Amino acid sequence: MIEVNELTKRYGAKTAVDGLTFTVKPGIVTGFLGPNGAGKSTTMRMILGLDRPTSGTATINGRPYAEHAAPLQQAGALLDAKAVHTGRSAYHHLLAMAATTGIPKSRVAEVIDIVGLHEVAKKRAGGFSLGMGQRLGIASALLGDPEVLILDEPTNGLDPEGVLWIRNLMRDLAAQGRTVFVSSHLMSEMALTAEHLVVVGKGQLIADVSVGEFIEQASHNSVLVRSPRSVELHDLIAGPGVTVLSVERGTFEVSGMSAADIGERAAAAGIALHELSLQKPSLEEAFMTLTKDAVEYRSELSLTGKAA
Amino acid sequence: MSTVALRYPTRKVTQARVTKSEWIKFWSLRSTAITLGISIAVFIGIGLLASSMLGDPGPNGQGGPDGPVSASLAGVGLAQLAFGTLGVLFMASEYSTGMIRSSLSAVPKRLPVLWGKIAVFTGVVFVVALAAAAIAFTGGQAIAGDAGASWSDPGVARAVIGSAVVLTGSGVLGIGLGALLRSTPAAISTLFGVMFLLGGIAGLLLPDSWNSALAYLPSNAANSITAVTTTDGSLGPLAGLAVFGGYIVAVVVAAAGRLKRSDA
Numbered sequence: 001m002i003e004v005n006e007l008t009k010r011y012g013a014k015t016a017v018d019g020l021t022f023t024v025k026p027g028i029v030t031g032f033l034g035p036n037g038a039g040k041s042t043t044m045r046m047i048l049g050l051d052r053p054t055s056g057t058a059t060i061n062g063r064p065y066a067e068h069a070a071p072l073q074q075a076g077a078l079l080d081a082k083a084v085h086t087g088r089s090a091y092h093h094l095l096a097m098a099a100t101t102g103i104p105k106s107r108v109a110e111v112i113d114i115v116g117l118h119e120v121a122k123k124r125a126g127g128f129s130l131g132m133g134q135r136l137g138i139a140s141a142l143l144g145d146p147e148v149l150i151l152d153e154p155t156n157g158l159d160p161e162g163v164l165w166i167r168n169l170m171r172d173l174a175a176q177g178r179t180v181f182v183s184s185h186l187m188s189e190m191a192l193t194a195e196h197l198v199v200v201g202k203g204q205l206i207a208d209v210s211v212g213e214f215i216e217q218a219s220h221n222s223v224l225v226r227s228p229r230s231v232e233l234h235d236l237i238a239g240p241g242v243t244v245l246s247v248e249r250g251t252f253e254v255s256g257m258s259a260a261d262i263g264e265r266a267a268a269a270g271i272a273l274h275e276l277s278l279q280k281p282s283l284e285e286a287f288m289t290l291t292k293d294a295v296e297y298r299s300e301l302s303l304t305g306k307a308a
Numbered sequence: 309m310s311t312v313a314l315r316y317p318t319r320k321v322t323q324a325r326v327t328k329s330e331w332i333k334f335w336s337l338r339s340t341a342i343t344l345g346i347s348i349a350v351f352i353g354i355g356l357l358a359s360s361m362l363g364d365p366g367p368n369g370q371g372g373p374d375g376p377v378s379a380s381l382a383g384v385g386l387a388q389l390a391f392g393t394l395g396v397l398f399m400a401s402e403y404s405t406g407m408i409r410s411s412l413s414a415v416p417k418r419l420p421v422l423w424g425k426i427a428v429f430t431g432v433v434f435v436v437a438l439a440a441a442a443i444a445f446t447g448g449q450a451i452a453g454d455a456g457a458s459w460s461d462p463g464v465a466r467a468v469i470g471s472a473v474v475l476t477g478s479g480v481l482g483i484g485l486g487a488l489l490r491s492t493p494a495a496i497s498t499l500f501g502v503m504f505l506l507g508g509i510a511g512l513l514l515p516d517s518w519n520s521a522l523a524y525l526p527s528n529a530a531n532s533i534t535a536v537t538t539t540d541g542s543l544g545p546l547a548g549l550a551v552f553g554g555y556i557v558a559v560v561v562a563a564a565g566r567l568k569r570s571d572a
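Keeping their order, the protein sequence lines are chains P and X. Our numbering numbers the first residue of the first sequence as 1 and each following residue consecutively. Our numbering numbers the first residue of the second sequence as 309 and each following residue consecutively.
Pulled out of the complex, with its shape left as it was, chain X reads as follows:
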């Protein structure tokens, strides 16, 4: 039908090509490097600060390997919000700037865009967060000196890797919320509310008989992944991972549904 000879051979849109496109998009924004840098600084900085304040094993029996490990990884909480914000920005800014219309006209099947974003984000952030967790742990133990834990102590490797998993997961949750809500402020507030406020509010408002249910909140499930020792009333690390992962999958599936069906 066409009378125009194409000057380039037809090259199909594939998931690999869309992922490469998302890689270019990720790194071509100045805000990516800035947010990533802040996230790492917050994560490591708080860990080192907490390690330096560790001091003597207190009256609460905070000694042993648990104390210095938790202290060196104390930045996970705030870093979760920072990495989560990076995830939100990666997706929601497509909507706030109008870029989404260009993205979806290039990839009209739509879903590969979401998968590509998650793949690029997970790859980059997991590596970065793992390196930052290792630095925070090593630095924290150096500050703690003789009281510090070593890599071979039980639960240590899991806590370090678990921190990277939780940070990456929070970012993917951010991508999902960004695609679902299509607004940067709405997605960041929701992420903040779920990861920071929900646990505290639920603990205050619900009767004590509900305490066992609190362990299933996203923030508490995430905490179980990074904890060196499992405390009473919280989930084990694997159960925590399953529950936290379940929330992420649920949000991403809902986001995919909206992306596929709604007008861009």
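So that you can see chain P by itself, here it is in the shape it has in the complex:
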């Protein structure tokens, strides 16, 4: 369990993290989502005691990370795939990390196998690709078999097979009852792995919701209706508070009335429906809608219209 309370970090006049409060619960994957520069990495570094908060607190399993007697067994982190000495082998990197808290050599061999670095474990980490570096970082996160995992953009630089592997790994870790907190700037990535979302923009909390609620919040639910007798149906539905937009011949989009109501009315009038579907915005759209005011670096070209 991770608890963040009124966490704030200022660099001079710039506020990177602004009064964040949220809780990350065990047993599920929680996505930490926000545009680049939203303060995700800074928040994660403060949770791990690498950066000092200007104010506020962050605890792991009830205590600040630095106050645990065996911190690697409380939380494992992948913060930066490059947090490795380039001249040292993956094996010796992990061995040195393990030695600080008496983790046996057998566990080092085990995590090397888990992340699939067996063949290159004795090679210098400086020659690793970004994907191999990520795997090494995940190996160090798993080293202490910790209850809490904090992963900053873990799929960066991984090939599709690697991305699939990390998704399954995160789900498995959560299913074992662990707390899995993973950051990403890609909503689509989170849609596939996370159950809960903490969304930030410009260092502030935008949403702390389940993935389902998140879509609900950001959407203007509408219903797509297709019928050979669309003109008659249109008259049946139209009324105050209901908007009907013609999409193409025989098809229109209704907002302000549920799919159930539309179906009932059509049935009562004996009108056949060829399609009646709830239009959910994609997660990516929902994310863009929510964070559009909080994007730090925006291109001047706006993304108009609804993406498919």
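Calculated from the structure, these hints are not laboratory results. Some clues are possibly wrong.
What the hints assert, rightly or not - Straight line, CA to CA, 25 Å or less: simulated PhoX-like cross-link-like pairs of lysine-lysine:
| # | chain 1 | residue 1 | chain 2 | residue 2 |
| --- | --- | --- | --- | --- |
| 1 | X | Lys417 | P | Lys105 |
| 2 | P | Lys82 | X | Lys417 |
| 3 | X | Lys328 | X | Lys568 |
Note that the structure is predicted; figures quoted are calculated from it, not measured.
Dock chain X against chain P, hints included.
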């Protein structure tokens, strides 16, 4: 709170474990063995070279036991820079590579990392430097032949051990500067400036009335530790050790302060 059964018993982070981790880090870099080898070669090589050029006791009265001892240990000066560089690399490379974030997430109390590094470095380098000093002295005296000094001559054992102390101290100074400046080039230039240039520049620029103060510069204080006989205007060996040690402690304390307080 946790529903996950830990598969390993909780083992605390202790200073001994962090020191073992630093031992693994020290020896798992190829650059360690290379730098250590170069340092020893420079130290012994210059000593033997100086011993072979010793020749007759010159007109300056360089005879007696002082001459051949100093000659055989003449490599201390350059070796100081080599061992100092090893110390700088041991600490500053953590910052240049990003390793420090892994190190400090494993040891979030932070200071044990610095103490562990100093302990490992001091242990290894003192033993290596002492062996190298003994080899340089013995070899140098063999080259000097009849003019050579023996281990039993006054001040000889102290000069040999003192050389190892100065070399180890320079390395620890390097670790401190590395942690304080967090940059390999900046720490090496500072070390070089303080140990090599400062004494000469200060001697040239300051009026003669300041000469007694020059003895307190780090380089001159270090020289007093290795000198067989104390010359006029320099500190005695123990005073030299105290002053040189004082500089090291000051830098290490400042480094510890920055390590503890600053963002990693």
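Exercise for the section: Could you work out which earlier hints the structure fails to respect and list their numbers in ascending sequence? Expected result: none
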